[in-house]
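**Q** Chains as they are written, first to last, in my numbering: chain A, 1 to 375; chain B, 1001 to 1375.
Bear in mind the hints are in silico, worked out from the structure with no lab data behind them. By construction, the Cβ of each residue, glycine as well, lies at the ideal position given by its N, Cα and C atoms. Possibly wrong hints are sitting among the right ones.
Said to hold, decoys possible - Each pair of labels, with its calculated beta carbon distance range:
| id | chain 1 | residue 1 | chain 2 | residue 2 | range |
| --- | --- | --- | --- | --- | --- |
| 1 | B | Gly1297 | A | Asp44 | 47 to 53 Å |
| 2 | B | Thr1034 | A | Pro371 | 38 to 44 Å |
| 3 | A | Gly155 | B | Thr1366 | 57 to 63 Å |
| 4 | B | Gly1185 | A | Arg276 | 49 to 55 Å |
| 5 | A | Ala195 | B | Asp1151 | 43 to 49 Å |
| 6 | A | Arg189 | B | Gly1297 | 23 to 29 Å |
| 7 | A | Pro371 | B | Gly1185 | 43 to 49 Å |
| 8 | A | Arg35 | B | Arg1276 | 32 to 38 Å |
| 9 | B | Gly1308 | A | Arg276 | 48 to 54 Å |
| 10 | A | Pro371 | B | Ala1130 | 31 to 37 Å |
| 11 | A | Pro371 | B | Gly1109 | 30 to 36 Å |
| 12 | B | Gly1199 | A | Arg338 | 33 to 39 Å |
Said to hold, decoys possible - Partial list, derived from the structure: chain A residues whose beta carbon lies under 10 Å from chain B:
| id | residue |
| --- | --- |
| 13 | Ser74 |
| 14 | Ser75 |
| 15 | Val272 |
| 16 | Tyr273 |
Take a look at the letters that make up each chain.
There are 2 protein chains.
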Amino acid sequence: MMRSSPATPAEGIAAGITEPECLVDIERVRANVTRMAHKAARSDVAFRPHFKTHQSAAIGGIFREHRPAGIAVSSPGMARYFADAGFEDITIALPLNPRLIRELDELAGRVTLGLLLDGPAAADALTSLANPVRVWVEVDTGQGRTGMAWDDVPGIVALAGRVRAATGRPVAGLLTHAGHSYAAGSAQRVRGIHAEVVGRMNLLAEEVRTAEGARPLISVGDTPCCCLVDDLSGVDEVRPGNFVFFDVTQLSIGSCAPGDIALAVACPVIGVYPGRGEIALHGGAVHLSKDSLEWHGERIFGLLGEPGGDVLGEPDPRSRVIALSQEHAVARVPDAGRWFVGDVTLVFPAHSCLTAEQYGSYLAVTGERIPRYRR
Amino acid sequence: MMRSSPATPAEGIAAGITEPECLVDIERVRANVTRMAHKAARSDVAFRPHFKTHQSAAIGGIFREHRPAGIAVSSPGMARYFADAGFEDITIALPLNPRLIRELDELAGRVTLGLLLDGPAAADALTSLANPVRVWVEVDTGQGRTGMAWDDVPGIVALAGRVRAATGRPVAGLLTHAGHSYAAGSAQRVRGIHAEVVGRMNLLAEEVRTAEGARPLISVGDTPCCCLVDDLSGVDEVRPGNFVFFDVTQLSIGSCAPGDIALAVACPVIGVYPGRGEIALHGGAVHLSKDSLEWHGERIFGLLGEPGGDVLGEPDPRSRVIALSQEHAVARVPDAGRWFVGDVTLVFPAHSCLTAEQYGSYLAVTGERIPRYRR
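Looking at chain A on its own, in the form it has when it is part of the complex (with noise of 0.2 Å):
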């Protein structure tokens, strides 16, 4: 906490903070991506990073150094950011709409694109498609979202044969996302979840392969998972996502330390009330999104923490942030006394994933500026 009025050198990361800005840490950024690379790669699975967390091309360049097998996108105009940003291999990982037929059609000319197709409806889109795409099938192995149900055995081989006769390519593999990891509640039970999804995908991948003749490959990842599983071999590549950043939703889950939090919100304070125990902040739903986590018992939205150096430092498990509005966050801290109006603290949101969409570009603790893609 500081109480320097503002623009002193003590301030560090605050010192040029009018107003909140989206703050990232490339030192661990960098530890982020080169730990779960290298256990991509101790593992024997292709490491595809899902870009959808930090959507930036100077960040996707600290994975290229590993030299990913490709990368994950969730929409065609992230796609088409990459592609210009020199990506050749491609995933859009949500299932084909088939709206969207002439763009994707446009980046499968110039990128190895794959595409997830959720059930039968959408295959026929596949036969007007002029450049060949990689197909895969979403299974749905828990979580509930998109994908076909995993124990419909019969559906998901009959998609499989379908895709063959649409593309004239066997399809390429079969691909789930096991988000029901991040409710699991516990690092053993997390492990559990794995243990089951790569159970049922080469259940399912040996019943294609009966059928088909080909063994489709595997495709898994979400970032609890990716985490607490140290060992990932099993399937054929992961594609885990928030790791980029963490955030205290994974703290929470025990995928990351509270130091490898690489993104945090700096929000001048504007109102001091020591007797309700609280400070309110300028940055509200619109700097850190409305997503929240349970929190020992108390809906969150974040956790601060103190800025200094050129460092995020850790989130204080003390200081929660409460209430969020469109602009205003309420936070209660430990000696709400100790704040003054102008000062600056630094949130760890919920979920940076959506937190960092609120923004056009990061700044890096060292003071550059690091543009990302909009929408």
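For this one, chain A is given, so just place chain B on it according to the hints.
**A** Same frame as chain A, now just chain B:
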């Protein structure tokens, strides 16, 4: 619901939709604005609409027809945008952030600028302003966000004196946002909160008049109170914002009818799961915001509606968005088997202010592109 292939004439609004788009029904906006402007005029209170909801000069033009006393915004950037669009009286309805004093002084040279003080700490910063400003003391009348506690009468009176000392002009007024009206639970209780707030603010205005000689103005404004109270007299100005679009939260409070909601997000259907009674949409937290509300005992992110013709239609209370990730939504629908991948549905969001913030422009249901301010 539609079963046609993409882009057939029957689709109306949906015809050109390939990815999530933020649709606005300008005729409904016009009706919502007219209703509120007439109520303010009838009540003989100044109308200072909060433009943080729409953040669009074009939509601001619709308000202009009713000659509002001025506008409210929530950041200096937004104030500059509307100053450029010709608005001459702007209150920044967020407690003064001393780090922005230079930007604020520049604005004060261009428009009649209103600033909020949240306590004595920021009052000193006023002395460095070269241009005159109107200073409001923010009062917390029960929300527990920002403002001086309403029962700290000596503190509020002292702050009024301090404003006069710092600026050489009496305090402009006392301002409050009764945001606790959102959780009131019934129209009657919303009216009760409004009556209590008006009572507290008049009591304080009288105390300030006694001490300072001049009676400060009273500014209130939240959409539930301004919609559910018939006669807004008893204050000097009202500052509602959300009513321009409304949303499912306002519908659940009773502030509007289903056919008043003027904003919805068009989302392509990317998955259909008759066995689960659910469909998946391309349209996630980055298109809707992660805000939610309690709807008949369930936490939801919005209601679905059918696109058709060039009006938004009404939300279907039986079709709920029950899960939201970065780019996906899952909706529970009455008859999932009637949907097809490639259909387009509308999502009426929980909170239109935060949804609108996710876009650089709106798409009018009549086809025009409407730009908006973007940080």
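**Q** Give a verdict on every hint.
**A** Hint check:
1. For the pair Gly1297 of chain B and Asp44 of chain A, the beta carbons lie near 49 Å from each other, so the given range of 47 to 53 Å is met.
2. Hint check: Thr1034 of chain B to Pro371 of chain A, Cβ distance near 42 Å, so the stated range 38 to 44 Å holds.
3. Against the hinted window of 57 to 63 Å, the Cβ-Cβ separation of Gly155 of chain A and Thr1366 of chain B comes to about 42 Å, which falls outside the hint.
4. Taking 49 to 55 Å as the suggested C-beta distance range, the pair Gly1185 of chain B and Arg276 of chain A does not conform, at roughly 23 Å.
5. A hinted range of 43 to 49 Å for the beta carbons of Ala195 of chain A and Asp1151 of chain B is inconsistent with their spacing of about 58 Å.
6. For Arg189 of chain A and Gly1297 of chain B, the hinted distance range of 23 to 29 Å is satisfied, since their beta carbons lie about 28 Å from each other.
7. Between Pro371 of chain A and Gly1185 of chain B the beta carbon distance is about 45 Å. The supplied range of 43 to 49 Å therefore holds.
8. Here the CB-CB span from Arg35 of chain A to Arg1276 of chain B is close to 37 Å, well matched to the stated 32 to 38 Å.
9. Take Gly1308 of chain B and Arg276 of chain A: their Cβ atoms lie about 49 Å apart, and the range 48 to 54 Å holds.
10. A hinted range of 31 to 37 Å holds for the C-beta pair Pro371 of chain A and Ala1130 of chain B, which are about 35 Å apart.
11. For the hinted restraint 30 to 36 Å between Pro371 of chain A and Gly1109 of chain B, the CB-CB distance of approximately 32 Å keeps it satisfied.
12. For the hinted restraint 33 to 39 Å between Gly1199 of chain B and Arg338 of chain A, the CB-CB distance of approximately 35 Å keeps it satisfied.
13. Proximity of Ser74 of chain A to chain B holds as hinted, the smallest CB-CB distance being about 4 Å (cut-off 10 Å).
14. Interface restraint check for Ser75 of chain A: the shortest CB-CB distance to chain B comes to about 7 Å, inside 10 Å, so the restraint holds.
15. About 7 Å separates the beta-carbon of Val272 of chain A from the nearest beta-carbon of chain B, less than 10 Å, and the hint is met.
16. This hint holds: Tyr273 of chain A has a C-beta 8 Å from the nearest C-beta of chain B, less than the 10 Å allowed.
Hint violations for this structure: numbers 3, 4 and 5, all remaining hints satisfied.
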